[in-house]
Amino acid sequence: MSSVAVPSVRRAARFYEAPLGKKVVMAVTGMILFGYVVAHLAGNLQVYSADHQQINRYAAALHNPSVAVLLWGVRAMLLLAVALHIIAALQLWNLKRIARPIGYVKKDDVPAAYAARTMIWSGSIILAFVIFHILHLTAGTVLPLEELGPNRPNVRANLIGGFQHPAVAGFYILAMLLLCLHLHHGVWSMFQSVGVSHPRYTLWLKRFSAVSALAIAFANISIPVAVLAGWLTQ
Amino acid sequence: MRLLLHIWRQRNAQEKGRTIRYLAADVNPDMSFLEMLDVLNESLIAKGEEPVAFDHDCREGICGTCGFMINGVAHGPLRGTTLCQLHMRHFHDGEELYLEPWRARAFPVVRDLVVDRSAFDRLISAGGFISASTGSAPDGNAILVPKENAEQAMDAAACIGCGACVAMCPNASASLFMGAKISHLGLLPQGQPERLERVLAMVAQSNEERFGGCTNIGECEAVCPKQIKLDVIARMHRDFLRAGWRRRAF
Amino acid sequence: MDLISKAPTGPIETRWDRHRFSLKLVNPANKRKHTILVVGSGLAGASAAASLAELGYQVQCFCFQDSPRRAHSIAAQGGINAAKNYHNDGDSIYRLFYDTVKGGDFRSRESNVYRLAQISVAIIDQCVAQGVPFAREYSGYLDNRSFGGAQVSRTFYARGQTGQQLLLGAYQALERQVGAGAVAMFPRTEMLDLIVIDGKARGIVARNLITGKIASHLGDAVVLGTGGYGNVYYLSTNAKGSNATAIWRAHKRGALFANPCFTQIHPTCIPVSGHYQSKLTLMSESLRNDGRVWVPLHKGDRRPPSKIPDDERDYYLERRYPSFGNLVPRDVASRNAKAVCDEGRGVGETSLAVYLDFRDAIARLGPHVIHERYGNLFDMYQRITGEDPYSVPMRIYPAIHYTMGGLWVDYNLMSNVPGLYVIGEANFSDHGANRLGASALMQGLADGYFVLPNTIGDYLAANPLEPVDRNNAAVRDAEAGVARFTRRLLEANGTRSVDSFHRELGQIMWDYCGMSRTAGSLERALSKIPELRDEYWRDVRVVGSGEELNQSLEKAGRVADFFELAELISTDALQRNESCGGHFREEYQTPDGEAARDDENYSYVAAWEFRGVGQMSELHKEPLVFDYVHPTYRSYK
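Quick note, the sequences are listed as chains A, B and C, same order. Numbering-wise, this note's numbering puts 211 at position 211 of the first sequence, and it's gapless, one number per residue. Numbering-wise, this note's numbering puts 1203 at position 203 of the second sequence, and it's gapless, one number per residue. Numbering-wise, this note's numbering puts 2005 at position 5 of the third sequence, and it's gapless, one number per residue.
The hints are simulated quantities; they were obtained by calculation from the structure and are not laboratory data. Since we're looking at a predicted model, the values are computed, not measured. Any given hint could turn out to be false.
Claimed, not checked - Mimicking DSS-like on lysine-lysine, the simulated pairs with C-alpha atoms at most 25 angstroms apart in a straight line are:
#, chain 1, residue 1, chain 2, residue 2
1, C, LYS2102, C, LYS2338
2, B, LYS1016, A, LYS96
3, C, LYS2200, C, LYS2006
4, C, LYS2033, C, LYS2200
5, C, LYS2213, B, LYS1016
6, A, LYS107, B, LYS1016
7, C, LYS2006, C, LYS2621
8, C, LYS2528, C, LYS2252
9, B, LYS1016, A, LYS106
Said to hold, decoys possible - Far from chain B, some chain C residues (derived; all Cβ distances over 10 angstroms):
#, residue
10, ALA2075
11, GLY2140
12, ASN2289
13, ILE2308
14, ASP2311
15, ARG2364
16, HIS2368
17, THR2385
18, ARG2524
The beta-carbon is built from N, C-alpha and C at its ideal position, and this holds for glycine as well.
Based on the sequences and whatever the hints tell you, model everything.
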């Protein structure tokens, strides 16, 4: 039980070597991604504004060349967060096979832990969706995107147009349901991994986790539903 | 009542094992699960067959020696209960049960349902203690301990080291076990001087033993016979981060 | 043979100090040259191994369990006594000493008991420093309770798991030394013989329980902290693995066995439910603080307890002992339970139980207070019996719990075999004929932390100990003997399992040498035991081989020793023509049914020398002298 000062490069490596360090990386990157999901939702909800140009003005503001550095900076950070989140997840997943080379003939699980046990699967599908989502609404490779002018995407039209395809809407809804599952465990887990826990407020953290996961999924799903139901039109 | 048992039989760590079917007849609802196995073993001995090896000692739920999986759940279906305290009244006639040893790389099978849990001893040896050599202690009341801390420390100290948490964890992580010891000692004033070194040493040892990493699933908490809470793992994470910062250890 | 107790004389308060000063010391630089073998890792063994390693000795520690943390000390519930007088209620070292000598019915050594009471204070300090989470008051000070009928609050506790917490403290101290390389730990290793060379204990022969390999471990001294022998009765509150093999094999190598008939029965255990019963579960006797013990007034009253009106209940302890009531000592409570059951007034399916009723306490204090005090015990009772003690009275019955007898040791805790030390429940030293509640933990830790580390140096410093050659004839001889013994068990190839014999032996002991004994019953035991033992060696069936983990083989060896020990217990009980403490001879009782001690003829320690299997052991007597606490008769009326 002794510790000596270690050079900082080695320190990062040693920190990450422990499963616990990986978990902290997952929590921190998870927190960043969670923040992004919330911000993205706030942007999306502007589609309900009575002023049909509201969301397009918001998009134009984001794409304004004067803040391009900021936009690409955020994108790079998100990309890095996603990459670290995935690498750490895969490494932890691999550790689990090392730690239990021979499985059980019969294994039962605790029902409440369903979301926790399926993080790797909900996460993978969400990843696939995110790629599709970017191709669809950012890169425009799935459907042609309308523009109101340079750096001024017609978000409202693209979004409504896209969701009028039931397959696109369906995938979106499925992904949001899985996101709900992922966040249901993930949000609380972030706190747990960085050591925020106390008998008095652990229950509240779990509630916050459940409520925020449901709220995010519900609010996002409402958009394709509204489109398909014909409440949201061009 | 009668039960159909599928029991994991394995001669030693080297040979391969498999499940074998046994019929347990004349099971009395007031028997404990281990007494049911005693009776089965008596019948095996009478036939000249080798009895099923399983670990057990106090049969009062405190020594932590007993433990295996019943239908994929550590210590069986009753929460907060070790196998020796699980009674047959919780099963029904004709039920089919799979009995398997704890499975983890760090807990190799010794024979049948017996595993080697010495990795837990090595975790404690790495740092799960307060260095207070005999004779050096001040008066017991010299350092006051707030009642709430003492109670919380006791909650964590109740761990019996049975290994159910590792067995049940999809990651085969020992975090609940380590978190319990780190919380027990870290909540007491006597445990402060070594608090940060303790967590670093135990976490490092856990990696060496090839326990998996915690992903906050909570199956350990669900099967812990002493109902130790996940909070202890959060406390371990907290101490780990703090140790990294303060001791510049990683 | 002269039994030299080395107990100091003179003013009792300074005996331990003066004695310690007179002991030779081992030079600190020389300590690491000495190897000490510690067998057993319970409170006594683990605390001794850790403390000796801290001093600088090379220690090897052995236990049959898979980890030292499993030793049966872990199951102690109630607490640990210490004369701290934190409550200002009149407690003192002298009072704890007095209570222990008196509680032991004047069959212990005054010097030892006084030392125990002195050390009790330091034990608490040591355990607190290790992080034992003792119960605290809101102020942050240590909490105490009164326990087992003591008139002062001197019992420290950690919920209902005091033994567990103290053991974990000692275990962690031990593991710290394992990590430091000062202790080599040998779990799943069972001692099967003592190696004696030139009259000195120099090692042990042990079997690795996983590989079956039999090997010798050599050193300069051997310490046995292997616990009691209650499992000779088959059903007891001991762990299934608890056994007498280490002390019995040492006995066969010359160590005297003292007072084997002093066995303690615990009054509050969960009764037997069927033929498959494998052990008995104790519930802390703190339950008697609020529970009331009763049976129906009339024989054969089979009504459910709630249907029996108050005037048809017999609260027999309150009736017979108005001042102590339900809090009479363990032996008195136990014998009275047996007496009412023998009268045919027992309750439950087997009629071998009495009620422990919390109805009045629940009405007086409310269920939440009862839950707070006894919640875990009530849960345990419900788990085992399937009955809810909040609404139906508990059923309890006495069970074998602790054995005061053990290997004879002098004041230094050394047996008559030089270099063989015996600590904790395995020795006979401090409790006399009856142990007080919450004193077992105290004695185990006193021996391990504070007595042995001080006394063992005297032997090591005073005796030239040449290194022992592995090929020494005595070593080879002991190894061969163990191998022969194991082979004999495996080759008996009979028809009956080890457990079936053990059960039968236990029944004989319980019936004829149990809670109360007569010359006739003991003679019957002495004729039945050898018969059954002969049958055992002829007809036992141990399946499997000796070269692997073989739990039947482990049990078979232990039961073989229990047979021989059972005979010695009965012999000792038969020679002790008096009733004292845990030993109650029906012929020797007062007109109102209390134990009648005979100080004139039996104020001695009976130390038995082994003379061969089936041979009458030879009795040696160590007279007991009482300079301070003069023998009086216990009265709890």
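Hint-by-hint comparison with the structure:
1. LYS2102/C with LYS2338/C: Holds, because 24 angstroms separates the two Cα atoms, which is no more than 25 angstroms.
2. LYS1016/B with LYS96/A: holds, 22 angstroms
3. LYS2200/C with LYS2006/C: Between LYS2200/C and LYS2006/C the Cα gap is close to 18 angstroms, so the pair holds against 25 angstroms.
4. LYS2033/C with LYS2200/C: holds, 18 angstroms
5. LYS2213/C with LYS1016/B: holds, 22 angstroms
6. LYS107/A with LYS1016/B: Holds. LYS107/A to LYS1016/B sits at ~19 angstroms (cutoff 25 angstroms).
7. LYS2006/C with LYS2621/C: holds, 15 angstroms
8. LYS2528/C with LYS2252/C: Holds, at roughly 22 angstroms.
9. LYS1016/B with LYS106/A: Holds, because 17 angstroms separates the two Cα atoms, which is no more than 25 angstroms.
10. ALA2075: violated, 5 angstroms
11. GLY2140: violated, 3 angstroms
12. ASN2289: At roughly 21 angstroms from the nearest Cβ of chain B, ASN2289/C sits farther out than 10 angstroms, so the non-interface label holds.
13. ILE2308: holds, 24 angstroms
14. ASP2311: holds, 33 angstroms
15. ARG2364: Holds, since 25 angstroms exceeds 10 angstroms.
16. HIS2368: holds, 17 angstroms
17. THR2385: violated, 8 angstroms
18. ARG2524: Given that every Cβ of chain B is farther than 10 angstroms from that of ARG2524/C, nearest at about 27 angstroms, it holds.
Checked against the numbered hints given earlier, this structure breaks hints 10, 11 and 17; the rest are met.
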